[in-house]
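*Asks:* The lines below spell out each chain.
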Amino acid sequence: MDEKEQEKNNPNQVSGKEKFNFEKFHDKYYKLLLIIPLILILISLFYISYTYSKIGDFIYKDVSLSGGTTITIQGDVDQSIIEKALAEKFEGISITRLTDLRTGEQVGLIIESSSSVEELRLELEKILGYKLTDENSSIEFTGSTLSDDFYKQLITALLISFILMSIVIFILFRTFVPSVAVIFAVFADIVMPLALLNYLEFKISAAGIAAFLMLVGYSVDTDILLTSRVLKNQQGSLNHRIYRSFKTGMLMTLTALAAVLPAFFFVTGLPDSFRQIFLILALGLLADILNTWITNVGIIKWYCKKKGIA
Amino acid sequence: MKLTIRLWILIFALVLAFLSIAPWKYFDDGVLITSVEPNSTTFSEGLRQGQIINSINGEEINSIEDYSNSINKLFPTVEKTKITIGTDEGESILFANTPPEIVVSSMPKSRIKTGLDLSGGSKALVKAKDRDLSSEELSDLISITSNRINVYGISDIQISPVTDLSGNNYMSIEIAGATPKDLEDLLSQQGKFEAKIGNDTVFIGGDKDIQDICRNDATCSGIRSCNQASDGTYFCTFDFTIYLSSESAQRHAEVTGKLETDPLNPGYLSKKLDLYLDDRLVDSLLISQGLKGSATTQIQIQGSGQGATNEDAFKDAETSMKHLQTILITGSLPYQLEIVKLDTISPSLGKEFLENIIVLGLTVFIIISVILFIKYRKVKITLAVILTMFSEAFITLGVAALFSWNLDAPAIAGIIAGMGTGVNDQIIIIDEAVSSGSEGIKQRIKRALFIIFGAFFTIVAAMLPLLWAGAGLLKGFALTTILSVSVGILVTRPAFADMIKKSSEQQ
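Protein chains in written order, with my numbering: chain C, 8 to 317; chain W, 18 to 524.
Among the hints, a few may not be true.
Said to hold, decoys possible - In silico DSS-like pairs for lysine-lysine, Cα to Cα no more than 25 Å straight-line:
1. 463/W / 254/C
2. 332/W / 19/W
3. 239/C / 463/W
4. 459/W / 254/C
5. 19/W / 289/W
No lab work stands behind these hints, which were simulated from the structure alone.
Model the full assembly from the supplied sequences, consistent with the hints where possible.
*Replies:* Here you go:
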């Protein structure tokens, strides 16, 4: 993005030929540039439907959405021994390490399984040779009746959230094309990270879906910034207004990323719900850079040129 | 710089948040009593849940370690020894040869409450197996469960009804701090209710013995009369009818047939009808003389409530009646319970999480500050943004402390993510303020506020459905996010806009 920032021209401070060239280039090819996000969205949608045909669902669900047990054993327990011993008796076991933030030492082991609490606990106690109490372990269980319902409701909530957001956008701008451009950008912000998570077979928890809801509101502010600067404040040329929004918007996205990235980069000793929320927000923000500054800019520029808004 | 009204509002909100969070509690000494075994000498000597122990036998108690050291030094003994416990509400003197029957915990560091995933504890979500509960059934279930849990003397517990988007009713039980082993047993079994006269069981809970209990029907249940006693206080009497099966009526006849009239209390029989909940005595009722040997299937239960005023007495009677009715229906739930979610988080893991989250919060704070300083290279502006960002998080925590919300991990994630959007809004304001153009600063700030309000309404709209979806488990996340953006829009953003306006006017 740096390159782009350097190259993009601010006509108020015209200097250098290259900058001029970028503006010309953008004027000529902005419609064509739309193809990049469009292809990515199509690939994403295709991959999500592929996931659906493969596992019967749009996402990989973790035990909080599919039902099952999570046991966290505290202490430096050898992961490979447990993995080997459990793999023989349980299907679909997944084990992750929990490490301390500062020292990097292992503080625990998270074991997820679709089995019941008792089965998993007894087997673990056999392997470990000691009893699991509420002092040395944490146990989370979600019954399948709850998790199914839970999942359906969260997906409904996501749809409602998206619709409410769209209504707010329409009320704000009261013009069809610019509003649809914003909504489409948000839609892409959801679809792209989701496809990537599916590709990584990342298991999404209830908190993860909640993060998608938040993403709906979180990623939209740069789009609002762009649209209102382009349409409501007609000082300076169209390109100038777009460029100014870009400068402000990139700083906004950067600080927002600064708020969510640390959690996902160097912290593992955090509750899973916490990590999921930040991971999904981070991916969404990255997708938002593309979708605001190529997708949304492309559509709104096209619209302005057609309507003669300069 | 002259302070504007908006800046005063910000200062006022910060002071309120400070008072509500009460950070000075960090320096409080002593240990907190979280539960006292009912019917124990400790209880009768005046020790209660919520008191703070400061000393034992004159020795100062500052921490849990101090407390267990002193108790271990004193007990167990063969002879009963005197122990003087000093609390914030006075001294209690016990004579005992075993430790006092209380559970203590360290003093809370502030009024901010953390959720179970961060403080440790158990949480269960319960529903009826294979059927939907009506809201009346749910409230009965909650009363019954509360009664039973009180019988066990477990404190620091929250039982609440939960309704979700598709109209399912759940009962949520949260036990903070210690994790009682028997929560699961407690829930997986029906409560056991028994009514005994002496050692003979007359009837037990469940619809086999008790066929019906008259409730909410004035013809066979209600508060009958209220009177003033000779000492000036008031008392009200209530009665309600229960319907027994013919077998238990027969048993009642046999057992009461053997009883004499009580010489000290004529009009009543010599033994009482004792009510047991999970094998613990919860109430004793006098049996009227007229019932001796009678095989009646309709029994009228009577009782009374007292109070300083007529109204108090009426309320007391009403509470007692409801309490007795709930005990009697224990064991007669027409459905089985299913635990749909049961989480037990170890307190030490929760503590680890909390520490990491605090480090993370600080890291985010520092990184954002550095980015802004690099961008603006002005100490004044950077400080204003940092102050605003801090205020937002602090006021949000203050409101959470004020309403005693339990902040769980997603809720704190909401606050940290909120810091990100908050800063975004400040950036828009600064950007408009420093932008060149013919318009005045007021006009430009106004335009910034349009974008900010737009972003505010979209994020609120987006989070709103989460308040109801998914059995309320993600309510905390939605609440803190909505709260922190609202604090931003109502308090900190206007104040920040004023700060920027002032500083650009000065230039």
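*Asks:* So which of the earlier hints does this model not fit?
*Replies:* 2, 5
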